[in-house]
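Asks: So the chains spell out like this:
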Amino acid sequence: MTHMNLLEVNNLVVEFATRRGLLRALDGVSLTIAPGEILGVVGESGAGKSLTGAAIIGLLDPPGRITSGEIHLAGERIDQYSEDQLRGIRGRRIGAIFQDPLASLDPLYSIGHQLIETIRTHLPLTAGQARQRAIELLEETGIPAAAERINHYPHQFSGGMRQRVVIALALAAEPQLVIADEPTTALDVSIQAQVIGLLKRICQDRGAAVMLITHDMGVIAETCDRVAVMYAGRIVEIGPVQQVIHSPAHPYTVGLMASIPDLETDLERLAQIDGAMPRLDAIPPGCAFHPRCPRAFERCRLERPELLDANTSRAACWLHAPEHVA
Amino acid sequence: MNAAMNASSRIQPGEHLVQVEGLSKTFDLSASWLSRLLSGRQASLLHAVDDVSFTIARGTTLAIVGESGCGKSTLARLLVGLHPPTKGRVLFDGTDNALARPLSQRIQMIFQDPYASLDPRWMVGDIVAEPLLEHGLASPGPELQQRVSTLLESVGLSGSDLSRFPHQFSGGQRQRISIARALATEPDFLVCDEPTSALDVSVQAQVLNLMRDLQRDRGLTYLFISHNLAVVRFVADSVGVMYLGRLVEWAPKSRLFSRPQHPYTRMLLDAIPKLRDTGRSRTPVQGEVPDPLNPPSGCAFHPRCPLANERCQQERPQLIAAEAGTDTGRVACHAVQEGRIGFSGT
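As you go down the protein sequences, you meet chains A and B in turn. The first sequence begins at 239 in the working numbering and counts up one residue at a time. The second sequence begins at -11 in the working numbering and counts up one residue at a time.
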C-alpha cells in the first residue's frame, strides 16, 4: 500500500495560535494520491482546502503550524523537514501552481530567465542546456513560437498564456507531485478548457500525481479520478469522482451538488443549504455539519463521525454507521 | 421548459421597461497629443461597447454573458449612468435617462465584490439608510430605523443587524446587505454585475433564490451580467451574448440553450465542463479573445470561427432575426444568415 501511493497524508492537524486561543484549521485530514492520479479537493472558502495544499508543500504562514499527523512523499516522511530540506523538495519533487498567474511570476525578469533559474537550481544543467529545456517546456505547454517568446516578460502574455508559463515553471524539474490551487479560477471558460486539458495530459504522460484544489465541481467532474470534499477543516467524503458526484453519501455533499445551477435543465428554485459554514472558533461539537443537516439525529450532536465506508466512497457521517445502516 | 412558460406569462406584450438603442462607449487610451506626435504613434481607441441595442420587458431578466473584456461591465455602467454613452441612448420607461435625476431612485446596481462595495467603517444600518437620506425619502429618526429593519428582514437578515459592521458578516450576508441597500429607494430596475461570482456555490444558491423571490414579489426587472452560463440559465428570461463589445446573439433563454445559433455561443456552451459527463474531454477551443484595441476586421469572431469565409473577414454582420418572420431571437452571423450552418440542437 505504502509503495503504491506517492503522497500519503495521515491525520494531519494544523493549528493557529491566536489571541483568543488555539484555532484548529485542519482536523485529522488523511488522503493518498497514486502516481498518474488526479485527486480533486473541493469545499467552500475557509473549509481548509488551500491550507491542506500549503501544509503539504511546507508553505504554511505563521502562526499556522502542523501540530500532529504525518506527510509521506514516496515513502519519505517530510512534515518535520527543516526549511533547507524543504527547499530541496519544493520545485524539485513537488511543483505548485497557484490561482493568479501574475502573482506567481516576477514582472522584472523575462520568463526565460525565470525558467532557466528554476531549472538550474534543481538540475545539473549548463545555461545552454537549461535554455533548450525551457523552450521544450514552453512548447509542451502549448505556447506558440516558444524560442522567441522565451525572451518576453510576463506582461506581454495574456492570462491563459501566463498560466501556461506558470505550469511550465511548476514542471521545470519534473516533479513527482503537482499541487494546483484553483489553477483555472481566474481564466475564462474557453481558456480554462485548454489549461485543464494540459494538466490532464501532463499527468498521463509523465505519471505525476496531481492534487487539484478548486471550488468548481464541473472542473472536478471532468478532470479528477477521485475527489475529497472538505467542510470546516475535515474531509467529509472521499471517493471515486463518479460516485461522489452522482450519488453522494454525505448530506453536505448532497446539498452542495444540489445547489449548483444546472446548465441542462430549467429550474424553478435551487436547492439551498440554509446557514453558513461555522467559523473556526465556533465549530459545534459532534459532527460540524449537524446544525445545517436535514438528517441529523442525536448521535450527530454528541459524537464526531470518522470516515466510514459508504458504497465505493467513504463519508464521515453516522448515517453510514453499520448499526444505522442495518 | 416549464420555467420559460411561466416567465413568458409574466410579460405584458409590448411593455418594455428598458430600451437600449445603438449604445456605444469608446475609451480614448491614446498617449497625449504631444507624445503621439514625437513618437509617431497612432491614437488608440477602445470600443468597449459597440452599437448595442436590446429591450427588456418589465418584470423580466435579461442576462448578458461573455468572457472577460467583452464589455459587459461597461454596458452595466452605461445603463445606470456611471459612464456617459459615446453614442446611442438608453430609454427607461419611455424617457431618456441621460437627464432625469429621479431615475437614480428607480435604477440601482449590485456589484460583484461585497467586500469592496461596503464601507468597512459604516454600520449596516447607515449603509442601507444612506440612499433614503440621499434622495430625501426619509429623515433620521425611529421611522427610518423601522424602514431599514424591514429592508434587512426582506433580504433574510435580522433587524438587529443594524448596528453591526460589514466585517461581522460573511460574503453571502454582505451581498444581502448590498441588495437591501439597492432596494431602499424602491427601484424598478436592478443592474447586477456578477452578483454571485465571489460567493461559494451553496451561498450563491441562497442569493439567487432570494433575487428570484424579490423579483416575483416586487415586480423587479433585472439586467444580470455573468460569465457563468449555468447561473444564467437559472436567472434569465432572455440572454444576450457579447463578444468584443458587440452583441452577437440575443434570444429567449429556452431558445438560446436548446438551439444556440452563433458559433461563439455554441463554443461557449461546449466549453463548459458538464457535471454529468465525468472524464469527458471538452472540445478544445482554439485561440483567445483578440486584443480589443486592435479588433479583427469584419466579424470580430472570424479568426476563431470554424465557418468563417471571405465575407466574414470583410463585412461586419448585423444583428437580425435568426429566422425570417419569427421573433425567436437575433443573431449577428453571416453563416447563420446564409444558412451555411446546421442546427444540431445542443
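Source of the hints: derived by calculation from the structure; they are not laboratory data. These figures come from a predicted structure and were not determined experimentally. Among the hints, a few may not be true.
Calculated from the model, a selection of chain B residues having no Cβ within reach of chain A, i.e. all distances over 10 Å [as the list claims (entries may be wrong)]:
1. R29
2. S61
3. P73
4. S92
5. S105
6. Q194
7. N216
8. F222
9. L257
10. L281
Each computed SDA-like pair below joins lysine to any residue, with the alpha-carbon atoms no more than 20 Å apart [as the list claims (entries may be wrong)]:
11. A:K438 - B:Q156
12. B:K262 - A:E377
13. B:K262 - A:P478
14. B:K75 - B:G28
15. A:K438 - A:E377
Yeah, the Cβ is synthetic: ideal placement off N, Cα and C, and Gly gets one too.
Asks: Give a verdict on every hint.
Replies: Evaluation of the provided hints:
1. R29: Per Cβ check, R29 of chain B is outside 10 Å of chain A; nearest 18 Å; holds.
2. S61: holds, 14 Å
3. P73: It holds; P73 of chain B is separated from chain A by about 26 Å at its closest Cβ, greater than 10 Å.
4. S92: holds, 32 Å
5. S105: holds, 18 Å
6. Q194: With a cut-off of 10 Å, Q194 of chain B comes too close to chain A, as the shortest Cβ separation is near 5 Å.
7. N216: Since the minimum Cβ distance to chain A is about 8 Å, N216 of chain B lies within 10 Å and the statement is violated.
8. F222: violated, 4 Å
9. L257: violated, 8 Å
10. L281: About 13 Å separates L281 of chain B from the closest Cβ of chain A, which puts it past 10 Å; holds.
11. A:K438 - B:Q156: violated, 41 Å
12. B:K262 - A:E377: violated, 29 Å
13. B:K262 - A:P478: holds, 17 Å
14. B:K75 - B:G28: Given that 20 Å is the threshold and the Cα spacing comes to 29 Å, the pair is violated.
15. A:K438 - A:E377: Holds, because 16 Å separates the two Cα atoms, which is no more than 20 Å.
The structure is inconsistent with the numbered hints 6, 7, 8, 9, 11, 12, 14, although it conforms to all the rest.
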